[in-house]
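Protein chains: 2
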Amino acid sequence: MTSYLEMCKSEVNTFLAALYPAQGPTKVLYDAMNYSLLTDGKRLRPTLCLATAETFGIARNQVLPVAVALELIHCYSLIHDDLPCMDDDDLRRGKPTNHRVFGEAVALLAGDALLTEAFFQLAKRTPGIPPDRQLKMVQIVAERAGAAGMVGGQTVDIEKTGQGGTLDDVAFIHLHKTARLIQASIELGALFPDISEAKRNALSVYGEALGLAFQMVDDVLDVVGSAEELGKTPGKDALVDKLTFPKFIGVEETLRRAQEIISNGQKALQSEGITSPYLFELQTTILERSR
Amino acid sequence: MTSYLEMCKSEVNTFLAALYPAQGPTKVLYDAMNYSLLTDGKRLRPTLCLATAETFGIARNQVLPVAVALELIHCYSLIHDDLPCMDDDDLRRGKPTNHRVFGEAVALLAGDALLTEAFFQLAKRTPGIPPDRQLKMVQIVAERAGAAGMVGGQTVDIEKTGQGGTLDDVAFIHLHKTARLIQASIELGALFPDISEAKRNALSVYGEALGLAFQMVDDVLDVVGSAEELGKTPGKDALVDKLTFPKFIGVEETLRRAQEIISNGQKALQSEGITSPYLFELQTTILERSR
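Listed in order, the protein sequences are those of chains S and X.
As numbered in my numbering, residues 1 to 291 make up the first sequence, in order.
As numbered in my numbering, residues 1001 to 1291 make up the second sequence, in order.
One or more of the hints may lead you astray.
[Unchecked claim] Distance condition first, Cα-Cα at most 25 angstroms in a straight line; then the derived DSS-like pairs of lysine-lysine: (1) S:Lys124 <-> S:Lys27; (2) S:Lys247 <-> S:Lys27; (3) S:Lys124 <-> X:Lys1124; (4) X:Lys1136 <-> S:Lys124; (5) X:Lys1136 <-> S:Lys160; (6) X:Lys1199 <-> S:Lys124; (7) X:Lys1199 <-> X:Lys1267; (8) X:Lys1242 <-> X:Lys1160; (9) X:Lys1247 <-> X:Lys1160; (10) S:Lys242 <-> X:Lys1027; (11) S:Lys136 <-> X:Lys1247; (12) X:Lys1267 <-> X:Lys1160; (13) S:Lys136 <-> S:Lys124; (14) S:Lys199 <-> X:Lys1124; (15) S:Lys27 <-> S:Lys136; (16) X:Lys1236 <-> X:Lys1042; (17) X:Lys1124 <-> S:Lys136; (18) S:Lys27 <-> X:Lys1242; (19) S:Lys27 <-> X:Lys1160.
Keep in mind that the hints were calculated from the coordinates and are not lab data.
All chains should be built: construct the whole structure from the sequences, respecting the hints.
Dropping the structure here:
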């Protein structure tokens, strides 16, 4: 039986595959964008967006253009993070990183293009959604992905790597670098249905929790996982002295706290009477990666 | 007497100076953003946006948040273009380039942040503008700045530099790398007033012409200008064998064609009965830089 997660992933992949036909004088740019975009990935962020909207009866094909924008943002961030001046990684999702194939200049530009195209996707008129709510989606993504969100988190990550730091620094990095965009994925899904602001806030709280827990599990996998499972070089965090939860509190305590954070997120949903088999399946998958 | 251009520049500078207070764990990121953003520049793109809207009676303070978004985009593109993997420039607007001061990683992130924050500015609700028209502004900027616009132009520029190329390649590069964002600046200004689509189209045609002419004059200045006038290293285009108009047709013919392109743009405005002392002052300033 195909899981909900697999079904969403398949629809996202189909949408992405048709998005950027590589042709014309800028073919190499589109090739580089597609190289990273079409590599097999979890498609977690678009799937969370689809799952949240579907919880309230919104059809996936209405949500897809907005949902894939989140994957474009995620993909740009991976390409730029892998560059030599940043994390200098050779392997991503089991393949050579973008700049190893296309060179640094084109990889940088492919990242810039994907970030910009994400906003094009978000701003294309979506039938049935009031335009002011679509503008709100643009605002949310810009805030969650920008200096006050993902880029800010990556800045502190780069600054602190190899420089010591504290558990508070790790919490700041994970919240901004990873959790904010995952939170945005759920917040965008929650802007499709006509629901109360209280419900939207509860989903936002849950999204932040899920994002934090996801990154904590990711930290653990870097300690206990294999290159095959990860699709990237394991043990790299410790090697370059990256700030992670296990570095400060160990694997077991990291997993216990991740579970606790998720439970608090669930309480926010419960207090608004939100139950979602879709989100529950995703959450289980995220947490069980570490088993 | 303060010219209109100087007045707009001053208002843009005041707005930009208050935009990103540098504090908190990501202070270095904001410092890097402000370093490039607050360096003295022409502020051509926001001024074109203000001038276009004001032609139809729209007050500058209503347009400013949207207008500065165009400067954020321009500024991000300069930071990324100057990086070692791209044009590898040491001097910009008379000061050391961003990565020379903050390092490559932070410079890259500052560019990413400025691009993202531009969309935040564009999506903040502007009173008196219908939300669907504001969404249209986001679409235009994303299209003009993305793979089909500025980033596409920069890709071909990087690919062709030192590799020969043709006059058609130069035309493609200038149209996409430079003219598209200048065109967008005028297109966004034209979305503030309630005017006909025919008038908006005429302004768009004029904006493309102005953008092309601007870059052609810039090519000429790289041949005939001094470092003091330019705020960057002159003669660099020829040194690295960059594709420019003078390389193929010489300085005089480049200036003649720039004038011809501007005249065609003006005809589009005239056919819609649009006369604007503001845009005329700007256009004159752009063309006379080369005298």
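**Request:** Sort out which numbered hints this structure fails and list those numbers smallest first.
**Result:** 2, 5, 11, 12 and 15
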